[in-house]
Amino acid sequence: MPLIVNGHTTPMPDPPTLEILLLALEPQRPYAVARNDEFVPRSIYHQCELMDGDRIEIVHPSAGG
Amino acid sequence: MQDTLTLYGRSFTSRILLGTARYESPALLVDAIKAANPAMVTVALRKQIEGGAKAGESFWQILRTTNRELLPNTAGCNTVKEALNTALMARELFETDFIKLEVIGDEENLQPDPFGLVEAATELVKQGFRVLPYCTDDLVVCRRLLDAGCEVLMPWAAPIGTGQGPRNPRALRELRQRLPDVPLIEDAGLGLPSHACQVMEWGFDGVLINTAVSRAIDPVRMARAFADAVEAGRSAYLAGPMPVQELAVPSTPEIGKPFWDEAARFAVQETT
Numbered sequence: 002m003p004l005i006v007n008g009h010t011t012p013m014p015d016p017p018t019l020e021i022l023l024l025a026l027e028p029q030r031p032y033a034v035a036r037n038d039e040f041v042p043r044s045i046y047h048q049c050e051l052m053d054g055d056r057i058e059i060v061h062p063s064a065g066g
Numbered sequence: 012m013q014d015t016l017t018l019y020g021r022s023f024t025s026r027i028l029l030g031t032a033r034y035e036s037p038a039l040l041v042d043a044i045k046a047a048n049p050a051m052v053t054v055a056l057r058k059q060i061e062g063g064a065k066a067g068e069s070f071w072q073i074l075r076t077t078n079r080e081l082l083p084n085t086a087g088c089n090t091v092k093e094a095l096n097t098a099l100m101a102r103e104l105f106e107t108d109f110i111k112l113e114v115i116g117d118e119e120n121l122q123p124d125p126f127g128l129v130e131a132a133t134e135l136v137k138q139g140f141r142v143l144p145y146c147t148d149d150l151v152v153c154r155r156l157l158d159a160g161c162e163v164l165m166p167w168a169a170p171i172g173t174g175q176g177p178r179n180p181r182a183l184r185e186l187r188q189r190l191p192d193v194p195l196i197e198d199a200g201l202g203l204p205s206h207a208c209q210v211m212e213w214g215f216d217g218v219l220i221n222t223a224v225s226r227a228i229d230p231v232r233m234a235r236a237f238a239d240a241v242e243a244g245r246s247a248y249l250a251g252p253m254p255v256q257e258l259a260v261p262s263t264p265e266i267g268k269p270f271w272d273e274a275a276r277f278a279v280q281e282t283t
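Heads up: the protein sequence lines correspond to chains G and U, in order. Residue numbering for the first sequence follows this note's numbering, starting at 2 and increasing by one per position. Residue numbering for the second sequence follows this note's numbering, starting at 12 and increasing by one per position.
No wet-lab data here; the hints were simulated from the structure. Every value quoted in this text rests on a predicted model; they were computed, and no experiment measured them. Do not rely on the hints blindly, as some may be mistaken.
[Claimed, not checked] With the C-beta cut set under 10 Å, the calculated list includes, among others, these residues of chain U facing chain G:
#1 P37
#2 V41
#3 L74
#4 E103
#5 K111
#6 L150
#7 V151
#8 V152
#9 P170
#10 T173
#11 R181
#12 T222
#13 I266
#14 F270
#15 W271
#16 A274
Beta carbons are placed, not taken as given, at the ideal position from N, Cα and C, and that holds for glycine.
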């Protein structure tokens, strides 16, 4: 089962860590990440091993009230 | 001594917090920020929508040029878990401990969920956040938020984006009287500068406005109008308004008015 990144199915990176996924996706900076609804601090991207079907959310600064 | 707004030990000369949403263009937002001269500007976190990368980047780059203190929000969060994780992402991304905490309990009027709010505030304070909770005007809920460690409260005037102005003036004024030392920022539902002026006259410490400015026909002019109104209201509060009287009190002296003979009047009184 692939990953779901911001609602879109995305192939699992190799090796399957969040750091490698982000290197492949190159999201616009700055951004922050949640995995399965839990915040993942930047400092542990390299330790964050991804599992089949994980939901990754990448968020950016946006207008807000 | 300069009159300043102090939030968690940070002093600001402005008493306006300005939202950055719903402007026609980032350029208009920048001009409105210049006109309102806010202490802080609110921001949010969102996933990039298809083809929206450029707009998002432009918003962020242009906002950074304004050099304002940022107040990230947890807008749209319906659960404590969502709010906590949004706050954590915001802290890392915007590099600030300040968070405008929203936990919404009703989708129709975007009313804060007081139970979720207290729970989320308790946890965020423990994690070192400086929490500004968007709350209702209920005194006991406000007390619970203070017990949780919040040093600022942001009670609503009316539902977000409605522009109705203070719906429950009595509750808001009571809140001011009962919590005299807590910075109170009126958040949500203000539509006109007169609404902002009114709450400032009651002794509120500041206002947070967004839609009232961004959806005005001329947002920059409206931003300036709000800045003037907040300043006028604050000055009026500090000046100490006169007590309201039940009966008329002539402002022009009675003594010495023409066609009225004081001596004759007293003479008549003595003979009767």
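message: Min Cβ distance, W271/U to chain G: is it shorter than 10 Å?
response: 60 Å, violated
query: Regarding the hint that V41/U lies at the interface with chain G, is the smallest CB-CB distance below 10 Å?
result: At about 12 Å, which exceeds the 10 Å cut-off, the nearest Cβ of chain G leaves the hint on V41/U violated.
message: Does T222/U hold up as a contact with chain G if the rule is Cβ-Cβ below 10 Å?
response: Holds. Min distance 7 Å.
field: Interface hint for L74/U, Cβ within 10 Å of any Cβ on chain G
entry: Cβ of L74/U sits 7 Å from chain G, so the hint holds.
query: For the hint on T173/U, does the least C-beta distance to chain G fall short of 10 Å?
result: Violated, about 12 Å.
Hint status (Cβ of I266/U to nearest Cβ of chain G, threshold 10 Å): Nearest chain G Cβ about 57 Å off; hint violated.
field: Restraint check, 10 Å cut-off on beta carbons, for R181/U near chain G
entry: 26 Å, violated
field: V152/U as chain G interface residue, shortest Cβ-Cβ below 10 Å
entry: 21 Å, violated
message: Is the interface hint satisfied for K111/U? The criterion is a beta-carbon contact with chain G at less than 10 Å.
response: Given a least distance of 8 Å, the restraint on K111/U holds.
Hint status (Cβ of V151/U to nearest Cβ of chain G, threshold 10 Å): 26 Å, violated
field: Residue hint F270/U, partner chain G, criterion CB-CB below 10 Å
entry: Because about 61 Å separates F270/U from the closest Cβ in chain G, which is outside the 10 Å limit, the hint is violated.
task: Verify the interface restraint on L150/U: the C-beta must sit less than 10 Å from at least one C-beta of chain G.
output: Violated - the Cβ of L150/U stays beyond 10 Å from chain G, reaching only about 25 Å at its closest.
Figure legend: structure checked against the earlier numbered hints; hints not met, in rising order: 2, 6, 7, 8, 9, 10, 11, 13, 14, 15 and 16.
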